[in-house]
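Asks: As a plain string of letters, each chain reads:
2 protein chains.
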Amino acid sequence: MESWVDGQTADVLSLKDRGLAYGDGVFETIAVRDGKLVLLERHLQRLALGCQRLAFNLDWTLLNDELQAYAQQLGEGVMKLIVTRGDSQRGYAASPLAQARRILQGSPPAAYPAAHVEQGIQLFPCATRLCEQPLLAGLKHLNRLEQVLARAEWSDTEHAEGLMLDTSGRVIEGVFSNLFLVRDGVLFTADLSRCGVAGVMRAELLFQAKSQGIATQITDIRLEQLHQADEVFVCNSVYGVWPVRGCGSTRWSVGPLTRKLQSLARTLLDA
Amino acid sequence: MESWVDGQTADVLSLKDRGLAYGDGVFETIAVRDGKLVLLERHLQRLALGCQRLAFNLDWTLLNDELQAYAQQLGEGVMKLIVTRGDSQRGYAASPLAQARRILQGSPPAAYPAAHVEQGIQLFPCATRLCEQPLLAGLKHLNRLEQVLARAEWSDTEHAEGLMLDTSGRVIEGVFSNLFLVRDGVLFTADLSRCGVAGVMRAELLFQAKSQGIATQITDIRLEQLHQADEVFVCNSVYGVWPVRGCGSTRWSVGPLTRKLQSLARTLLDA
Numbered sequence: 036m037e038s039w040v041d042g043q044t045a046d047v048l049s050l051k052d053r054g055l056a057y058g059d060g061v062f063e064t065i066a067v068r069d070g071k072l073v074l075l076e077r078h079l080q081r082l083a084l085g086c087q088r089l090a091f092n093l094d095w096t097l098l099n100d101e102l103q104a105y106a107q108q109l110g111e112g113v114m115k116l117i118v119t120r121g122d123s124q125r126g127y128a129a130s131p132l133a134q135a136r137r138i139l140q141g142s143p144p145a146a147y148p149a150a151h152v153e154q155g156i157q158l159f160p161c162a163t164r165l166c167e168q169p170l171l172a173g174l175k176h177l178n179r180l181e182q183v184l185a186r187a188e189w190s191d192t193e194h195a196e197g198l199m200l201d202t203s204g205r206v207i208e209g210v211f212s213n214l215f216l217v218r219d220g221v222l223f224t225a226d227l228s229r230c231g232v233a234g235v236m237r238a239e240l241l242f243q244a245k246s247q248g249i250a251t252q253i254t255d256i257r258l259e260q261l262h263q264a265d266e267v268f269v270c271n272s273v274y275g276v277w278p279v280r281g282c283g284s285t286r287w288s289v290g291p292l293t294r295k296l297q298s299l300a301r302t303l304l305d306a
Numbered sequence: 036m037e038s039w040v041d042g043q044t045a046d047v048l049s050l051k052d053r054g055l056a057y058g059d060g061v062f063e064t065i066a067v068r069d070g071k072l073v074l075l076e077r078h079l080q081r082l083a084l085g086c087q088r089l090a091f092n093l094d095w096t097l098l099n100d101e102l103q104a105y106a107q108q109l110g111e112g113v114m115k116l117i118v119t120r121g122d123s124q125r126g127y128a129a130s131p132l133a134q135a136r137r138i139l140q141g142s143p144p145a146a147y148p149a150a151h152v153e154q155g156i157q158l159f160p161c162a163t164r165l166c167e168q169p170l171l172a173g174l175k176h177l178n179r180l181e182q183v184l185a186r187a188e189w190s191d192t193e194h195a196e197g198l199m200l201d202t203s204g205r206v207i208e209g210v211f212s213n214l215f216l217v218r219d220g221v222l223f224t225a226d227l228s229r230c231g232v233a234g235v236m237r238a239e240l241l242f243q244a245k246s247q248g249i250a251t252q253i254t255d256i257r258l259e260q261l262h263q264a265d266e267v268f269v270c271n272s273v274y275g276v277w278p279v280r281g282c283g284s285t286r287w288s289v290g291p292l293t294r295k296l297q298s299l300a301r302t303l304l305d306a
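In order, the protein sequences belong to chains Y and P. Here the working numbering = 1-based position in the first sequence + 35. Here the working numbering = 1-based position in the second sequence + 35.
Because the hints were derived from the structure by calculation, they are not lab data. If you're wondering where the values come from, they're calculated on a predicted model, not measured in any experiment. Built from N, CA and C at the ideal position, the CB exists for glycine as well. One or more of the hints may lead you astray.
List time: in silico SDA-like cross-link candidates among lysine to any residue, alpha-carbon distance up to 20 Å [to be verified]:
no., chain 1, residue 1, chain 2, residue 2
1, Y, K51, P, S38
2, P, K175, Y, S123
3, Y, K51, Y, S38
4, P, K51, Y, P143
5, P, K51, Y, A145
6, P, K175, Y, Q124
7, P, K175, Y, R68
8, P, K71, P, E37
9, Y, K51, P, T44
10, P, K115, Y, Q124
11, P, K115, P, A162
12, Y, K51, P, K71
13, Y, K51, P, E37
With the C-beta cut set under 10 Å, the calculated list includes, among others, these residues of chain Y facing chain P [what the hints assert, rightly or not]:
no., residue
14, L48
15, A90
16, Q124
17, G126
18, L132
19, P148
20, A149
21, L165
22, F211
23, S298
One-sided and incomplete, this derived list gives chain P residues near chain Y with beta-carbon spacing under 7 Å [as the list claims (entries may be wrong)]:
no., residue
24, D46
25, D59
26, L97
27, E167
28, H176
29, Q247
30, R286
31, V289
32, L292
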């Protein structure tokens, strides 16, 4: 499907856009099912946090109208929304009055091997570390060179995702996923106040788990804790939940809590 | 002057460009005098380092031809070169065969107040810290949200630049400049192996200073060392050297080594 820029069909962008110049923008990747945007409220919440921290002036009414209309036309697939600060002249200073630019791109449903869901995946242990920048932590902003470097570390098809630590060695997330581990019935995921992307599916799974009386902990995770986990899985808002079978020489079996949350994610994504 | 994309006149860019999607690119801002590119060799050296670390396939012959031709047409001003990894589909993985994209943008000579050069400037002490990411340190890449946040911290005209520390509290650089200090006749500038942009004018001034027998040290700099300096100045490849008169409540006088290096920079930029 053709892309839209500020509500108009377009396949190009102004060379003066600050998204290009500085990565001065944020994005959301949203699953679209039967013309509906899955987990839209959570995507908009994270987008709002990004717009607040970066001081963007975004026309939310126009954005909402465009999201709905674009999803209707797309029907089934993945919508990527990019919001940038818009154009500016040379230099980092931005006009506080600049109107943020809205870019919508559509693609067909993601085609991952069914085995990722059924048997689980192998994580590549990335050497690229996430730097600790509390001002940007949690946001899905356009400064993603660390992910580009990490993803370039493997090219085989044996590894479906990579494991990323921060520069202090804490376990944070995947390259395009969040990571959970289960130990003694408790669901753990990394604290993302220093780095990492606070994923929409992560938030939803934490909410669903709590609703079902499962104990959850958002905390710093050491590599030893990961290796000693009973279950490990990754998630995002496009593919749902993939069990993790191994990383390096460590092996995990696919456990009941992973299957339960995977089923919940599937229900959301199949809705 | 109109911009060029891969040698063709253009004012827009493909929405699939990875420079927009991930900040997957690098840039150079080059002074152009009488159709000539100032400090071109040093700009190309840093660009080559960026292309190497990010594994870009850049056609250097085409780039060189375009740089020369564009500078000829621009005559006097500032040329911004952006090199991105080019287009890709959704996802961080990039084709190792992708050809890097070359974007040239021209603007008139920078119009800074003469007082910046003559009397010196005041630095704004930015609260935004630079995170420590050795894999990207030194490069002038397109992931510049920290600079955007730092530059948004002040809007008065009293401050011409901002002072940026890293997350460990070391003195690193300005928002769009490198920083030097002088103490007991020795020229100090920050080690940029963890963060910061290794500026072309910084490299040239270090080289020139050494050639003239001035002792230089590239080292970690604490805030107390900055406050106790005899002289402080900032530099970049567009404006040359600005003496720093103050930062917060600290005041420095404009000293002889600053004036000497300022004069050297002026000679290069007036050539």
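Asks: Would you pick out the hints that fail for this structure and give their numbers low to high?
Replies: Violated: hints 7, 11, 12, 18, 19, 20, 23, 26, 29, 30, 31 and 32.
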